[in-house]
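*Asks:* Sequence:
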Amino acid sequence: MTSISTLNSEPQLTLRGKEGPGDSGSNSSPFPEGSWVLVRSNADGNSSHRLNVVGPTFSVGRHPSNSLCLSDSTVSGRHAEILTINKDLFVRDLNSTNGTLLNGRRIQHLTGLRSGDVLHFGSVMYTLQSSTDECTSSTVTADVSADALAQLQFDKLLRRPAVRPYFQPIVRLSDAARVGFEVLSRSYLLGLETPEKMFRVAASRNVEAELSQICRTEGLRIGESLPQTQFYLNTHPAEIGGTELFSSLERLRSEFPEMQIMLEVHEGAAASGTLLKEIRRVTRELKMGLAYDDFGAGQARVQELFEVPPDVLKFDVRFVHGLPFTTPQHRGTIQSLIRIVKDLNVVPLAEGIETVDEASVCFELGFELAQGFLFGRAETVAHWTSS
Numbered sequence: 000m001t002s003i004s005t006l007n008s009e010p011q012l013t014l015r016g017k018e019g020p021g022d023s024g025s026n027s028s029p030f031p032e033g034s035w036v037l038v039r040s041n042a043d044g045n046s047s048h049r050l051n052v053v054g055p056t057f058s059v060g061r062h063p064s065n066s067l068c069l070s071d072s073t074v075s076g077r078h079a080e081i082l083t084i085n086k087d088l089f090v091r092d093l094n095s096t097n098g099t100l101l102n103g104r105r106i107q108h109l110t111g112l113r114s115g116d117v118l119h120f121g122s123v124m125y126t127l128q129s130s131t132d133e134c135t136s137s138t139v140t141a142d143v144s145a146d147a148l149a150q151l152q153f154d155k156l157l158r159r160p161a162v163r164p165y166f167q168p169i170v171r172l173s174d175a176a177r178v179g180f181e182v183l184s185r186s187y188l189l190g191l192e193t194p195e196k197m198f199r200v201a202a203s204r205n206v207e208a209e210l211s212q213i214c215r216t217e218g219l220r221i222g223e224s225l226p227q228t229q230f231y232l233n234t235h236p237a238e239i240g241g242t243e244l245f246s247s248l249e250r251l252r253s254e255f256p257e258m259q260i261m262l263e264v265h266e267g268a269a270a271s272g273t274l275l276k277e278i279r280r281v282t283r284e285l286k287m288g289l290a291y292d293d294f295g296a297g298q299a300r301v302q303e304l305f306e307v308p309p310d311v312l313k314f315d316v317r318f319v320h321g322l323p324f325t326t327p328q329h330r331g332t333i334q335s336l337i338r339i340v341k342d343l344n345v346v347p348l349a350e351g352i353e354t355v356d357e358a359s360v361c362f363e364l365g366f367e368l369a370q371g372f373l374f375g376r377a378e379t380v381a382h383w384t385s386s
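Just so we're aligned, residue 0 is where the sequence shown starts under numbering that gives the first Met the number 0, counting upward by one.
Please note that a few of the clues may not be correct.
[As the list claims (entries may be wrong)] Here are the simulated lysine-lysine pairs, DSS-like style, with alpha carbons at most 25 Å apart:
(1) Lys-276 - Lys-286
(2) Lys-86 - Lys-155
(3) Lys-341 - Lys-276
[Claimed, not checked] Beta-carbon label-pair distances, calculated as ranges:
(4) Arg-159 - His-62: 18 to 28 Å
(5) Gly-321 - Arg-159: 18 to 28 Å
(6) Lys-341 - Gln-227: 36 to 46 Å
(7) Lys-276 - Thr-228: 39 to 49 Å
(8) Ser-224 - Glu-306: 30 to 40 Å
In short, the hints are calculated from the structure, not lab data. In this text, a Cβ means the ideal position worked out from N, Cα and C, and glycines have one as well.
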């Protein structure tokens, strides 16, 4: 799961790694002025539009006054700008309705560009290419063609839907008994096979919440054939903070009144304790559990644990990997944190367990539940019903 990004009141500058293999550390710019081209390609990968990026400010939008005028309903009148600053290129969104994406991620601030970057203005895609770097042409064409195919297939993903749920087991560490499944979603549509691909296209259309709801519904619909168990269902950061999440959960409970549901929320995705309290209230009313996912992946927000304790706290894999080889002091710190969690009547779950040694140490430290390749990978429902 990915945590939500928030806009700060002060402008921020995001510089993306200009250093790389072979970087000598010099101050020479990788963006010579006047040598950059925006390339738009058809679904077959053939270039259909090439436009030089000229001037200190290169505007993009639906209005004819823009440097690049795009007559597409997903593009705002003044959508984005590409800026030349000291011969470097940057892009910023101009508070557009559908957003500007850089390599599949919605940008929030002024962000640096480099050759091969893929830009979405609404649903319109261009690739930034050096006019002197012919070596990148074939790679850019292949990337653009794949993305165009994904865009064409996406409507099918929402209509059918063409989501294919996979189920990864969650076990009790004391006896390795299976107590639940986390529902993960993939697709059989070309270009949309993985969650990353599905949600990248969803972000370009501003429908991440709708896709997330479909993944939960399909997961329970297919999961009904499994023996009575608990299903851990993911949320997307785009859903957090809006009332539609609560409406979707009410519909889910109405459609599956008897199924055991544990809703997973990345605790970093909630901007306030008040919001988490509301999520906690709604899940209790609907007789659903609440789990905080990826605890410790970024800034561990311990304060939320005291204010709004979940039912389950999923410790990120970085707590687990290499644990058998850490110092006693390191293990003692984790053990103390687990004691605090248990004192709050929260069940600690260790994610990403891959070896027997990791499982043994986690059990010794006080973890009660576990998930990871040691206990099973994400598989189709047919695999688990036949095992």
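*Asks:* Give a verdict on every hint.
*Replies:* A quick look at each hint next to the structure:
1. Lys-276 - Lys-286: Since the Cα atoms of Lys-276 and Lys-286 sit roughly 15 Å apart, the hinted pair holds (cutoff 25 Å).
2. Lys-86 - Lys-155: 43 Å, violated
3. Lys-341 - Lys-276: 19 Å, holds
4. Arg-159 - His-62: 18 to 28 Å: The hinted range 18 to 28 Å is violated for Arg-159 and His-62, with Cβ atoms some 37 Å apart.
5. Gly-321 - Arg-159: 18 to 28 Å: Between Gly-321 and Arg-159, where Cβ atoms are some 42 Å apart, the hint is violated.
6. Lys-341 - Gln-227: 36 to 46 Å: Violated - the Cβ-Cβ distance for Lys-341 and Gln-227, about 26 Å, lies outside 36 to 46 Å.
7. Lys-276 - Thr-228: 39 to 49 Å: The hinted range 39 to 49 Å is violated for Lys-276 and Thr-228, with Cβ atoms some 28 Å apart.
8. Ser-224 - Glu-306: 30 to 40 Å: At roughly 39 Å between Cβ atoms, Glu-306 and Ser-224 fall inside 30 to 40 Å, so the hint holds.
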